[in-house]
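Letter by letter, the chains look like this.
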Amino acid sequence: MIDTLLPDALYWTPVCHLADLMPERGAAVLVGGRQVALFRTFSGDLYALDNRDPYSGAYVLSRGIVGTRGAEPTVASPMHKQVFSLVTGVCLDDEEVSVPIYPVRVAADGTVLVTMEVSVV
Amino acid sequence: MRVLVVGYGPAAHRFLETLRERGFGGTVTVVGEEPRPAYDRVALTSYLSGKSADDLTYPVPEGVTTLLGRRIVAIDRESRTATADDGSVTPYDVLVLATGSAPFVPPVPGRDLPGCFVYRTIEDLDAIRAAAAHATSGVVVGGGLLGLEAADALRGLGLATHVVEMSPWLMPRQVDEGGGAVLRGHVESLGVRVHAPSGVAEIAGGDRVEGLVQPDGSVIAAQVVVFSAGIRPRDELARSAGLAVGERGGIVVGETLRTSDPAIYAIGECALVNGMIYGLAGPCQTMAEVAADQITGGRATFTGADMSAKLKLLGVEVAQFGAMGGALDVTYMDPVAGVYKKLFVSDDAATLLGGICVGDAGPYTSLKPFVGKPLPAAPSDLLFTGGGVALDIPDDAQVCSCNNVTKGAIGAAIADHGLTDVPGIKACTRAGTTCGSCVPLLKQILVKSGVEVSKALCEHFTQSRAELYAIAQVRGISTFSQLIAEHGTGRGCDICKPAVASILASLGNGHILAGEQAALQDTNDHFLANLQKNGTYSVVPRIPGGEITPEKLIVIGEVARDFGLYTKITGGQRIDLFGARVEQLPQIWRRLVDAGFESGHAYGKALRTVKSCVGSTWCRYGVQDAVGLAIMLELRYRGLRSPHKIKAAVSGCARECAEARGKDFGVIATELGWNLYVGGNGGFKPRHADLLAADLDTDTLVRTIDRFLMFYIRTADRLQRTSTWLEGLDGGLDHLRSVIMDDSLAVCADLDAQMDRHVSGYFDEWRATIDDPDKLRRFVSFVNAPGVPDPSISFEIEREQIKPVLLEAGPR
Chain A
1 MIDTLLPDAL YWTPVCHLAD LMPERGAAVL VGGRQVALFR TFSGDLYALD NRDPYSGAYV
61 LSRGIVGTRG AEPTVASPMH KQVFSLVTGV CLDDEEVSVP IYPVRVAADG TVLVTMEVSV
121 V
Chain B
1 MRVLVVGYGP AAHRFLETLR ERGFGGTVTV VGEEPRPAYD RVALTSYLSG KSADDLTYPV
61 PEGVTTLLGR RIVAIDRESR TATADDGSVT PYDVLVLATG SAPFVPPVPG RDLPGCFVYR
121 TIEDLDAIRA AAAHATSGVV VGGGLLGLEA ADALRGLGLA THVVEMSPWL MPRQVDEGGG
181 AVLRGHVESL GVRVHAPSGV AEIAGGDRVE GLVQPDGSVI AAQVVVFSAG IRPRDELARS
241 AGLAVGERGG IVVGETLRTS DPAIYAIGEC ALVNGMIYGL AGPCQTMAEV AADQITGGRA
301 TFTGADMSAK LKLLGVEVAQ FGAMGGALDV TYMDPVAGVY KKLFVSDDAA TLLGGICVGD
361 AGPYTSLKPF VGKPLPAAPS DLLFTGGGVA LDIPDDAQVC SCNNVTKGAI GAAIADHGLT
421 DVPGIKACTR AGTTCGSCVP LLKQILVKSG VEVSKALCEH FTQSRAELYA IAQVRGISTF
481 SQLIAEHGTG RGCDICKPAV ASILASLGNG HILAGEQAAL QDTNDHFLAN LQKNGTYSVV
541 PRIPGGEITP EKLIVIGEVA RDFGLYTKIT GGQRIDLFGA RVEQLPQIWR RLVDAGFESG
601 HAYGKALRTV KSCVGSTWCR YGVQDAVGLA IMLELRYRGL RSPHKIKAAV SGCARECAEA
661 RGKDFGVIAT ELGWNLYVGG NGGFKPRHAD LLAADLDTDT LVRTIDRFLM FYIRTADRLQ
721 RTSTWLEGLD GGLDHLRSVI MDDSLAVCAD LDAQMDRHVS GYFDEWRATI DDPDKLRRFV
781 SFVNAPGVPD PSISFEIERE QIKPVLLEAG PR
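Residue numbers (the working numbering), protein chains in the order written: chain A, 1 to 121; chain B, 1 to 812.
For reference, chain A alone in the conformation it holds in the complex (with noise of 0.2 Å):
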């Protein structure tokens, strides 16, 4: 796991709790002056996406609607409906694309924290 390889909690911030998150609906936080798109899936996974659009630009992926395809949780842009893995942030509709993902976990407290420093798991 992530926070088992990192040195302590300095890396990550807490950005919000986890009963703020709609179950399979995403929230935006801002992390660092980052825009930082958090979903909540119907299974209860955590995971933080880059909040901007590749397509359009515009930081609106948080907004877009989670669900399935096949095994793996997706989030469909709302601009133009392209669908991103939320596990790896490649979009499932043209997999040159992609958005950074970041990683995301749960205090026992229920805090929900991110962290900027490692992009990929």
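Be aware that a few hints might be false.
[To be verified] Within a straight-line C-alpha distance of at most 27 Å, the following computed DSS-like cross-link-like pairs (lysine-lysine) qualify:
#1 K426/B - K455/B
#2 K81/A - K455/B
#3 K685/B - K81/A
#4 K552/B - K568/B
#5 K426/B - K443/B
#6 K81/A - K803/B
#7 K443/B - K685/B
#8 K533/B - K685/B
#9 K552/B - K803/B
#10 K568/B - K803/B
#11 K81/A - K645/B
#12 K310/B - K373/B
#13 K81/A - K775/B
#14 K533/B - K81/A
[Claimed, not checked] Stretch-level coverage of chain B by chain A, calculated; a stretch enters the list once three of its residues show a Cβ under 8 Å from a Cβ in chain A:
#15 528 to 537
#16 773 to 783
[Unchecked claim] Residues from chain B that keep clear of chain A, each with C-beta distances beyond 12 Å, as calculated:
#17 E21
#18 G191
#19 R193
#20 G217
#21 R239
#22 G254
#23 T303
#24 G326
#25 T567
#26 D594
#27 C653
#28 L672
#29 R687
#30 S744
#31 F763
Hints in this document: simulated from the structure, not taken from any laboratory. Yeah, the Cβ is synthetic: ideal placement off N, Cα and C, and Gly gets one too.
Chain B: place on chain A using the hints.
Chain B in isolation, oriented as in the chain A frame:
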């Protein structure tokens, strides 16, 4: 080359169209004695139920010179010129006679009395309508196809209607005695009196028609008599020009449709081909195509045509195909339901020869392609299952007889153009575009051709939207989780989630942002606003009917000014405010709601607006209160969630300033009430709405719209507008009419109740949102910095208003 066409009816029109399609480069002139270009005579009766002459008239093909209201009276074959009744002379290289036919009026005393009519042109119908206004009863002479059409028209004009037929039963050319008996039952149940076998000895009357005297001396009192006892080819011009004509009339032509003068062709009802006169639209159009092919250097020939017919007369389906007799026959008869079906087969019971249907034309559609071919199943099975059996149709079988399209041609079009739906086949092959009776067959061919016409909504549901709607309704399912757990797979996607959300909303499951429903919504519904290209949203308050007070206009202006929004008047007669960030939306709506505004649902697949003209209150021409009706309708249907957006309009007179015929439903005022049009569309593929019903009173109008909308909501596909829904509907407009006006599926009570629930359950989504702290939580740009606006959003100024600074797309 100079082509001159004499006569401008449907056959001439098809000829002109075909010439143009073939890229004919010469000059083309058409002379017609009627005051307008060719029109759809098959749909003539619809002129009396509200269609205008313009609706029925075909557009003149490009490059064709028309001489209307003129008749050619002489042809000089030596100098190749034709002289019109106004003295003008037109030279030609090729002359095409498309002079049509005239109704046959039996030579009985009194046949010229005022009150006697024929049933062929728009002018005939105008005259019949005028006479009917002062009449109580009418008789049609002739109980054939056209006679029953005329009877339907008289009935529609409010006359006590009689039909006099010489044969012992109605439509003797299409049905046998058994079918005739069933047909008579249907017709008489509608109040039309049938006199058969009978005839006309004399038309009684002094200055005007007073009645029809039958051969037995009995009199049918009537003030209107319509002769519809057959047709006679108009061959007088050909005759005077010395062309060969038949003993009993008709211009003699060969298989190339040339007359005895090789520079002159004859097509349509005036042509006598192999001793036959063809009076049906299909064969006449085929002749037109053959002649155009010959003239442009082709080698097509006309070797006879299928005289099969399927029609709906007085609400009864009647069809006949192939032979009307055979060594063996199999009959299915249900006198209670008024259904009669008969198949004729060869003596070894192996080959289908023909069939007759009354009350249910199913076998016509499914079996006509098998005429002359081995029976695809046991005859009794075929009759019992009607069109329900899926049959392998041979490639050379004609599927569309109106446009002469074979199964093979359709299959080739599907393969070559990658067609996946019926509208595609229609556009590519013309099949199904005239009478529409083969549309169910086109669907079957699509399915059988291996084209994946999957109705699965997406990878998570194998069902169509309509099926999911039925499941949710019947099982009372009110959550996406239950629906997908029990009827789907996975956790949904951007296709099925909003579709299911819409279904749940149509079925009345409270606020669209309540509980789990919120997560299903597309971003527009999720924020009750419209996402724009830079991530901001636009806001559209409802302005019912486009009517707004100065005070409310001022509030909109103040809100836009205070929040720095760009304002624009929409096509739906309201005002769109652009450039709001998500955290501004509740503040904006607090102001709007306080001023008495409510959601305009511009963000939803829902009723948008009911546009209106100013109507009779102010307009010098208006005949009804269009604004009042538009407001009433908009308030009635506001918030109604549907498969796609719904737009509507009301015009206060026939000038149609509200452009109602470009809407999903459009209402146009008449002197007597309201005409209701449905299935119109602007947008990508414009379509004029079809007249569903004419001269409705307001209560009936509203009930009919209620049912139209609810039936659409139940049965349409996801994101299918009413226009494509209607075009794909089996049975088309007639079927829609039978469902929502005659209640043929016994669903009207249910549809009415559902609409009543919608109307009484309506609440304003925005007011309910700003009053609910839980729903307000989502309106932040960043959950960890609620007060911070999205730094990526910026504006510049253009024409004194904001516009978004262009965002750079692509990877970062």
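Hint-by-hint comparison with the structure:
1. K426/B - K455/B: holds (20 Å)
2. K81/A - K455/B: Measuring from Cα to Cα gives roughly 21 Å; hence the hint holds.
3. K685/B - K81/A: holds (22 Å)
4. K552/B - K568/B: holds (16 Å)
5. K426/B - K443/B: holds (11 Å)
6. K81/A - K803/B: holds (24 Å)
7. K443/B - K685/B: holds (21 Å)
8. K533/B - K685/B: Given that 27 Å is the threshold and the Cα spacing comes to 24 Å, the pair holds.
9. K552/B - K803/B: At roughly 25 Å apart (the allowed maximum being 27 Å), K803/B and K552/B satisfy the hint.
10. K568/B - K803/B: Roughly 12 Å separates the two Cα atoms, so the pair holds.
11. K81/A - K645/B: holds (19 Å)
12. K310/B - K373/B: holds (20 Å)
13. K81/A - K775/B: holds (25 Å)
14. K533/B - K81/A: holds (13 Å)
15. 528 to 537: Since three or more residues must qualify, the claim that chain A covers the stretch 528 to 537 of chain B holds, with 4 doing so at under 8 Å.
16. 773 to 783: Our answer is that it holds, as 5 residues pass the Cβ test (under 8 Å) against chain A, meeting three.
17. E21: holds (38 Å)
18. G191: holds (56 Å)
19. R193: R193/B is indeed farther than 12 Å from all Cβ atoms of chain A, at 62 Å.
20. G217: Label holds. Min Cβ-Cβ 78 Å, cutoff 12 Å.
21. R239: Label holds. Min Cβ-Cβ 68 Å, cutoff 12 Å.
22. G254: Its Cβ never comes within 12 Å of chain A, the nearest being 60 Å, so this holds.
23. T303: Per Cβ check, T303/B is outside 12 Å of chain A; nearest 54 Å; holds.
24. G326: The assertion about G326/B holds, with a minimum of 57 Å to chain A.
25. T567: It holds; T567/B is separated from chain A by about 22 Å at its closest Cβ, greater than 12 Å.
26. D594: Consistent with the label, D594/B stays out of reach of chain A, its closest Cβ about 27 Å off (over 12 Å).
27. C653: holds (43 Å)
28. L672: Non-interface label on L672/B holds, nearest chain A Cβ at 48 Å vs cutoff 12 Å.
29. R687: holds (26 Å)
30. S744: holds (39 Å)
31. F763: holds (22 Å)
Violation of the numbered hints given earlier is absent; every hint is satisfied by the structure.
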